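Enquirer: Listed in order, the protein sequences are those of chains A and B.
The first sequence begins at 1 in the working numbering and counts up by one.
The second sequence begins at 1 in the working numbering and counts up by one.
Treat the hints as calculated values from the structure; they're not laboratory data.
Please note: incorrect hints may appear among the correct ones.
The calculated SDA-like cross-link candidates involving lysine to any residue, where the alpha carbons are at most 20 angstroms apart (straight line), are [stated by the list, open to error]:
| hint | chain 1 | residue 1 | chain 2 | residue 2 |
| --- | --- | --- | --- | --- |
| 1 | A | LYS56 | A | ASN22 |
| 2 | A | LYS3 | B | GLU59 |
| 3 | A | LYS41 | B | ARG44 |
| 4 | A | LYS41 | B | GLY3 |
| 5 | B | LYS14 | B | GLY63 |
| 6 | A | LYS41 | B | TYR101 |
One side only, chain B facing chain A, incomplete, derived with CB under 10 angstroms [claimed, not checked]:
| hint | residue |
| --- | --- |
| 7 | VAL4 |
| 8 | GLN6 |
| 9 | TYR31 |
| 10 | TYR33 |
| 11 | TYR35 |
| 12 | TYR48 |
| 13 | ALA56 |
| 14 | GLU59 |
| 15 | GLY97 |
| 16 | PRO104 |
This one's a predicted model, so the numbers in the text were calculated from it and none came from an experiment.
Every residue, glycine too, gets a C-beta built ideally from N, C-alpha and C.
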Amino acid sequence: EDKVVQSPLSLVVHEGDTVTLNCSYEVTNFRSLLWYKQEKKAPTFLFMLTSSGIEKKSGRLSSILDKKELFSILNITATQTGDSAVYLCAVDTGTASKLTFGTGTRLQVTL
Amino acid sequence: NAGVTQTPKFRVLKTGQSMTLLCAQDMNHEYMYWYRQDPGMGLRLIHYSVGEGTTAKGEVPDGYNVSRLKKQNFLLGLESAAPSQTSVYFCASKHQGYEQYFGPGTRLTVT
Chain A
1 EDKVVQSPLS LVVHEGDTVT LNCSYEVTNF RSLLWYKQEK KAPTFLFMLT
51 SSGIEKKSGR LSSILDKKEL FSILNITATQ TGDSAVYLCA VDTGTASKLT
101 FGTGTRLQVT L
Chain B
1 NAGVTQTPKF RVLKTGQSMT LLCAQDMNHE YMYWYRQDPG MGLRLIHYSV
51 GEGTTAKGEV PDGYNVSRLK KQNFLLGLES AAPSQTSVYF CASKHQGYEQ
101 YFGPGTRLTV T
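Assemble the whole structure, with the sequences as input and the hints as a guide.
Expert: Structure representation (structure tokens):
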């Protein structure tokens, strides 16, 4: 059974802190790993990672994949209250590009 | 572009009633998906479609049926609603090789 595990489950930080969110996976077939941000409603896409060791970056957010150790991290530097959300990790297992999701990390950024 | 839209946004059903959730996308995507999201469970795939006229079961298909008569629409049906189907339902669509785009969700309560 395919499995995606995220840690921590929740996190409270102060504005300006740097956070690292973790995602490990065990799947029978790996095509890519995706990160999404979910605020009140629909998950919105952040990154898609397919190759090990290549960092993807967007502003204060960055992510990297390790296909040997089967994990990914999402870093957020200089956090802002607008970063408060649930961050979801998902693995595309290839067949019809189905995604297996982790349960998410709930991040709260306080002033 | 409206992206992915879902109808209705909220619904309350009594046990045993039936209903259909509508998902529409205007991006000409081949693939479409229905997920449910429950607290502590992450997003779980119910059914998916790789093209007009084709559907397949996901991880949690029991109690649901789907149809994709037109490329832009993906319908999710509950024939006899049960309290265990109380959840938030998300539809998503994608082009092959790209990320999934999610709709805003439908909050369904079955009493």
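Enquirer: For a quick check of understanding: which of the numbered hints are violated here, in increasing order?
Expert: none
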